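Chemist: Chain by chain, the residues:
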Amino acid sequence: MRRYESVWVVNGDLPDEEIKVTIDKFSRIISTQGGTLVRLEEWGRRKLAYRIQAVTRGYYVVVDYAGTPATVKELERNYRIDDRLIRSHTAKKSDKVNLEALQAEIAAGVQAAAAAQAPEVEAAERVPEAVAAVEPAAAVEPAAAVEAVEAPVAEVEAAPQGQED
Amino acid sequence: MPVMPRRKRKQFYVRRKVCRFCVDANLPIDYKDYNTMRQFVTERGKIIPRRISGNCARHQRRLTRAIKQARLLALIPYTPTAPPA
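Order-wise, the sequence lines are chains A and Y.
According to my numbering, the residues represented by the first sequence are 1 to 165, in order.
According to my numbering, the residues represented by the second sequence are 1 to 85, in order.
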């Protein structure tokens, strides 16, 4: 087993679910091809430095995994097939993998993720009350804002026509 | 151009340039670290030569490679983006 790192640039104009499906698909390929996923880091949407196939945003994912050359070969074959992925990059990080250390690292990663999620869960529990209080006001405001934005536009559009006539 | 009278000894202040990656061994060359990569390209997106940046040959080679990888992933531009026509 070797240690690899891949960067996936998923088309950022796709809806979130579609991106999620894409990420899941490639993660699954790693595990079905005898690889072990160590860490999957999502950077999220980022503006691309230049347009690629008329796409301006990319959803960046950095994946750290262990696998065999066959794993990588299969992954890269799929990168080329799937056009939801606009760019990809794979680099070998090390030739040998200590499986025990790897397991420890995965466990540490899972723990860290759990720790990161725990405060979120607490916050989520507290939120409903707050939302209940805020919601009526929030529901009214966006509607008013939309009207306010639309109205001037309508005037601007109407005005030049009037002049031309 | 007029020929300048040649002085016996050219006196100019040379600041010793040092390779940033040698000075700080903790500073990794990573293509994903686009902010660092950006420091080693010009506004036009060209890789700054060793002669200017002061990097050592070894690190410049690695840096060049990393910059090119970052460009491919659209993390840093090949060239400044033209305003939309």
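Hints listed in this document are in silico derivations from the structure and should not be mistaken for laboratory results.
Honestly, I wouldn't trust all of these hints.
As the list claims (entries may be wrong) - The calculated lysine-lysine pairs, modelled on DSBU-like cross-linking and capped at a C-alpha distance of 30 Å, are:
| id | chain 1 | residue 1 | chain 2 | residue 2 |
| --- | --- | --- | --- | --- |
| 1 | A | Lys96 | Y | Lys68 |
| 2 | Y | Lys46 | Y | Lys32 |
| 3 | Y | Lys17 | A | Lys96 |
| 4 | A | Lys20 | Y | Lys46 |
| 5 | Y | Lys46 | A | Lys92 |
| 6 | Y | Lys17 | A | Lys73 |
| 7 | Y | Lys17 | A | Lys20 |
| 8 | A | Lys25 | Y | Lys46 |
Unchecked claim - Some chain Y residues flagged as far from chain A (calculated, every beta-carbon gap over 12 Å):
| id | residue |
| --- | --- |
| 9 | Cys19 |
| 10 | Val23 |
| 11 | Leu27 |
| 12 | Arg38 |
| 13 | Ile48 |
| 14 | Arg50 |
| 15 | Ile52 |
| 16 | Thr79 |
| 17 | Thr81 |
Stated by the list, open to error - Counterexamples of contact, computed for chain Y against chain A with all Cβ distances above 10 Å:
| id | residue |
| --- | --- |
| 18 | Gln11 |
| 19 | Tyr13 |
| 20 | Ala25 |
| 21 | Ile29 |
| 22 | Lys32 |
| 23 | Asn35 |
| 24 | Gln39 |
| 25 | Thr42 |
| 26 | Lys46 |
| 27 | Arg51 |
| 28 | Ser53 |
| 29 | Tyr78 |
The structure presented is a predicted model; accordingly, all values stated were derived computationally and were not measured.
We put the CB at the ideal spot given by N, CA and C, even for glycine.
Chemist: Does each hint hold? Answer for all of them.
Modeler: Against the structure, the hints:
A C-alpha spacing of about 27 Å is found between Lys96(A) and Lys68(Y), which places the hinted pair at or below 30 Å, so the restraint holds. Between Lys46(Y) and Lys32(Y) the alpha-carbon distance is near 18 Å, which keeps this suggested pair within the 30 Å criterion. Between the alpha carbons of Lys17(Y) and Lys96(A) the distance comes to roughly 37 Å, so the proposed pair goes past 30 Å and is violated. As the CA atoms of Lys20(A) and Lys46(Y) are separated by approximately 35 Å, the hinted pair breaks the 30 Å bound.
A C-alpha spacing of about 27 Å is found between Lys46(Y) and Lys92(A), which places the hinted pair at or below 30 Å, so the restraint holds. For the proposed pair Lys17(Y) and Lys73(A), the alpha carbon gap of about 43 Å is over 30 Å, so the pair is violated. Note on Lys17(Y) and Lys20(A): the hinted pairing is violated, with a Cα-Cα distance of about 47 Å set against a maximum of 30 Å. Taking the CA atoms of Lys25(A) and Lys46(Y), the gap is about 37 Å. The hint is violated against a cut of 30 Å.
Residue placement check: Cys19(Y) keeps its beta carbon more than 12 Å from all beta carbons of chain A (closest about 23 Å). Residue-level check passed: Val23(Y) sits 24 Å from the nearest beta carbon of chain A, beyond 12 Å. Non-interface status of Leu27(Y) relative to chain A is upheld: no Cβ of that chain comes within 12 Å, the nearest being about 18 Å off. The Cβ of Arg38(Y) sits about 10 Å from the closest Cβ of chain A, inside the 12 Å cut-off, so the non-interface label is violated.
At roughly 17 Å, the least C-beta separation between Ile48(Y) and chain A is larger than 12 Å, which holds for a residue marked as non-interface. For Arg50(Y), the shortest C-beta to C-beta distance to chain A comes to about 24 Å, beyond the 12 Å cut-off, and the non-interface label holds. The non-interface label for Ile52(Y) is consistent with chain A: the shortest C-beta to C-beta separation is roughly 22 Å, beyond 12 Å. Remark: the non-interface label on Thr79(Y) conflicts with the geometry, its nearest Cβ contact in chain A lying 8 Å away (cut-off 12 Å).
Not every C-beta of chain A lies more than 12 Å from that of Thr81(Y), the closest at about 6 Å, which undercuts listing it as non-interface. Separation of Gln11(Y) from chain A is adequate, the least Cβ-Cβ distance of about 43 Å exceeding the 10 Å criterion. Under the 10 Å C-beta cut-off, the non-interface status given to Tyr13(Y) relative to chain A holds; the minimum distance is some 37 Å. Residue placement check: Ala25(Y) keeps its beta carbon more than 10 Å from all beta carbons of chain A (closest about 18 Å).
Interface exclusion of Ile29(Y) from chain A stands, the closest Cβ pair being 12 Å apart, more than 10 Å. In this structure Lys32(Y) is not separated from chain A by more than 10 Å, as the shortest Cβ-Cβ distance comes to only about 7 Å. With a least beta-carbon separation of about 13 Å from chain A, Asn35(Y) lies farther than 10 Å from that chain, consistent with its non-interface assignment. Every beta carbon of chain A lies more than 10 Å from that of Gln39(Y), the smallest distance being close to 15 Å; the non-interface claim holds.
Once the 10 Å rule is applied to beta carbons, Thr42(Y) is consistent with being away from chain A; the minimum gap is 15 Å. With a closest Cβ-Cβ approach of about 14 Å to chain A, Lys46(Y) is found to remain outside the 10 Å limit, as its non-interface label requires. No Cβ of chain A comes within 10 Å of the Cβ of Arg51(Y); the nearest lies about 26 Å off, and the non-interface call holds. Non-interface call for Ser53(Y) relative to chain A: holds, since the shortest CB-CB distance, roughly 21 Å, exceeds 10 Å.
For Tyr78(Y), the shortest C-beta to C-beta distance to chain A comes to about 7 Å, within the 10 Å cut-off, and the non-interface label is violated.
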